[in-house]
Amino acid sequence: MKILVGIKRVVDYNVRVRVLPDGSGVDTDGVKMSVNPFDEIALEEALRLREAGKADEVIVVSIGSDAAQQQLRTGLAMGADRAILVQTDTALQPLSVARVFRALVEREAPGLVLLGKQAIDDDNSQTAQMLSALWGRPQATFASKLVLEGDTATVTREVDAGLETIEIDLPAVVSVDLRLNEPRFVKLPDIMKAKRKPLDVLPFAELGVDIEGDLDIRRFAPPPQREKGIMVEDTATLVQELKNRGLI
Amino acid sequence: MSRVLVIAEHDGEALNISTAKSVTCAAAIGGTVDVAVLGHGIDAVAAQADGLEGVNRVLAVNGEHLATPLAVNWADEIVALGADYSHILGPSTTFGRDLMPRVAALFGVNQVSDIMEVTGPTAFRRPIYAGNAIIDVETPADTRVVGTVRTASWKAAASGASAEIERITATSAAAGHTRFVGMEAEGGERPDLQSAPRVVSGGRAFGSEEQFELLYRLADKLGAAAGATRAAVDAGYCPNDMQVGQTGKIIAPDLYIALGISGAIQHITGIKDAGTIVAVNKDPEAPIFEVADIGLVGDLFKVIPELEEALG
Ligand SMILES: Cc1cc2nc3c(=O)[nH]c(=O)nc-3n(C[C@H](O)[C@H](O)[C@H](O)COP(=O)(O)OP(=O)(O)OC[C@H]3O[C@@H](n4cnc5c(N)ncnc54)[C@H](O)[C@@H]3O)c2cc1C
Ligand SMILES: Nc1ncnc2c1ncn2[C@@H]1O[C@H](COP(=O)(O)O)[C@@H](O)[C@H]1O
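Same order as they appear, the protein sequences are chains B and A. The numbering used here puts the first residue of the first sequence at 209, with every later residue one more than the last. The numbering used here puts the first residue of the second sequence at 68, with every later residue one more than the last.
Chain A on its own, in the form it takes in the complex (with noise of 0.2 Å):
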């Protein structure tokens, strides 16, 4: 029977969403799903993860090397975790795909990317070419699976069970080759992108980075996270955390709004799982109306004010 680890994503305090979802893609393997937090001083985020359904225990594992999630430290102390299952999986965040190759290297065994669906407990689904074509894999036999979740593509574990939590201290060593110097988050008021229900991206159509405040004001109004094109962020008319797409983030709310972006593969490829898309575009020829569910001819300029004082 799989004995699935999912590798918890936090920043000490709170648990990522990742990681619920990570665990709905474990429990689709079958076995039983562990979770394993590593960190310093980590009893919080360990409570929150003994609380997903579906898991069976928590390891928290305490090692003052691992109070950041450097790849170089954490990857030994989960090959010492790892040994006793068969499945070993982390999101495919920066975090996971930072990690998880590594501990996958470790082992000996290619790691299985973006995991979109489980077809068997060796047998996988995940996209290729941005998007543009879908494999089916399958891990050789009496190997260990080492995954990354594709995280747009699950739900979240729901909250409110009760696991136990095994308490361990870190077995690994600091590698001393690699220090962590710094982290300079952007992250404002506004909801987390990769979460958000709502999301309003823009591209390059907005030409400065006081234009893009219109769409901020826009994303404020409708609760939405803010988002962007990869032109976008190169022009410097916002920061790289809200690129969206092929090598920015792989999102999935319930509706994103498209302003002055002109739907190029690298970027649609992030949004093919969202729900809704509306499409504002002065090109009636622009690609984004091909993946859009409403598009609208015109303006932005014109159409975000005309939008904000519908919403009112």
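Bound conformation, chain B alone (with noise of 0.2 Å):
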């Protein structure tokens, strides 16, 4: 079985996200970039179903201009065995992005598409869903856990009210939460081993994608500003301070 897995280059998420004063967007300029941390997981997750001999393949995708090259290269140290390179310069909104993963899927046939349950720029959490949607198979969103037992996964999602449990047929997409796994550090010798993987460069326009329906992004600010707050002693004063502000 192979596992497709979506890699988003993104913004690292030490970084303190500035807008720009022109409300054009925000200032990646010289900023740090990063695997998104939810993908991290998702790979982790799909390698370690590798390493037990429940897949074959796992096989790394982005979607972006040609920096990407250098998330998919950390998936390939990771230890996935090739990568994809969607090309494209245009930032891709969800539901192109999961058209773009509908179109993969049709080359090459996963059992399992493993996605991270948001992307921390734009944190739209959609494309795992949109993507399930338009592949008419299965989602499993924010899983904590996954058990692969032959045709069927079953899948702990993290959901507000706790842990709920679904089982589901494979093929099918699950998106990844925090809580799945923790991602293995990278080794020197992979990343030298990972220049010699395969990363294949495939534009676009090759996949027959139309990009409809995007949202008109008008304007970015940045956040309202909380008032400044006061330092306070003592517990004593702390109590009298919520008294006084008819809070307790």
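Since the hints were derived computationally from the structure, they do not count as laboratory data. Note that beta-carbon positions come from the ideal geometry of N, C-alpha and C, so glycine has one too. Be a bit skeptical, because a hint or two may be false.
[To be verified] Rough simulated footprint, nothing fancy, chain B against chain A, three-plus residues with beta-carbon under 8 Å:
| id | stretch |
| --- | --- |
| 1 | 131-140 |
| 2 | 197-208 |
| 3 | 291-305 |
| 4 | 362-368 |
Each chain sits in its own coordinate frame; assemble them with the hints.
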């Protein structure tokens, strides 16, 4: 069985993102870029499934500019067998990304597509659900546990009320949550080895995917700031302050 | 004119507060607002929905395969219902986030995620980058709007009205490839994190599951819900449904007390809409103090007992 894993290149989670003064976007100049943290978890899970003999091949996929090759190389260094860059300089919205994955599913016939539960740049949290709908196959979002048994998977999902378990038939789409696993660290020799692994560049136009229905992003603004607070010396003053404000 | 359909979130017995908040957002779009209650044996829930102020009609859709909110089953039904609507909204809770993008894809549109403000019938404001930027987006002309409502940004619609209930038998069929197995709810006696007016949250500083009891005791004394950081959840000090933040719950209590929490952006984004934020941290440089309304530099193992005593 093949596993397809989505790898989005995003601003590193440690960066304090700033909106450009003219409201045209956020400042990404010289900013550290990384693999979307959820995608690292998705890849780790795919690798563990391969290591457990439940999958034969792990393919990492990124849709984006040439710069995303860097994140694909990271994926290869972690242990993916090969990589596909769907090359486009247009920032695609989730419906188009899902359509690209749909087209790749047609080519690669994976048993499982593992995506992150959300990309931490746009915080959309849509792609996995959309791919599942377009493909007509099961979706299991926000997975914190995944057990593969033959042609079915039992997935524990992190939902607001607690943990939900569902059973799905393969092939299927799973989006992963933080507690599914802890991704491995990449070792130097693996980085060297990754340089020799195949990375195919596929021009977006070759997939025959139409971009439609994009939301028009008009303006970026910094978030409203909270008013500056006060510091208190001790617990008694804190309690008094809360009482004064009618909070307790 | 806009016709908005709100997809109700419920557990088979009670309507989730996220529905009343979504109704308020729907009303801001203008036009009529209907609520769809899907499920099996849902008369009681439909009756709660029809009481919400501003609701024109409740569509109570009954189907055995809709008994649990499996997105694969619900989405098909919503697409059938949605034909007559210009807008379809769900809450941006795990329920809505699972379901609505699927509905959007079936309608061939992108979803507007986490609507925090409505600036026009097809114009919305939403946060990105863990709330570090806010964008104005416009949906393309002549397409259906599918969106999720950032519940922390909206007040719940009041109850007391009485709309018409239309009973409908589901027309969709069960997707055999996806089966509900079970639900393990952690929820105890404490108030619900997403609607409680007071929340006490703890971070990695607690050091153990046992010491998290201190937090629960304080929460109980205040009648507050208990929350946590990802670090505390990952360390196994408390259950995952307590996580507050970008990838946990986004909440807006009147009072939020953060104990031993550093204030990472991923956590802060979950509490930005709180009325008053209180932070207790032993490190005066902790970033949490930048957003706190009242800050106290101190050791939580000393401060919590003092608080308990002062509260009597
Ligand atoms: C993709 C992604 C998503 C994330 N999503 C979330 C999320 O939804 N929610 C979330 O919370 N985090 C999230 N995180 C994690 C986040 O980045 C931080 O790591 C986390 O919030 C830190 O938790 P903490 O404040 O408990 O721990 P720490 O950062 O370790 O802070 C502990 C604090 O306790 C203080 N302290 C220690 N001992 C005491 C004492 N005795 N008395 C008083 N103070 C003390 C310390 O000074 C310190 O400031 C996410 C991270 C990533 C990468
Ligand atoms: N441009 C992209 N390239 C590769 N994978 C992507 C891309 N965009 C989204 N994904 C995948 O879809 C997940 C959810 O993204 P989103 O729906 O944008 O929040 C991500 O975690 C990735 O796994």
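Which hint numbers doesn't this structure obey?
Per hint list: zero violations.
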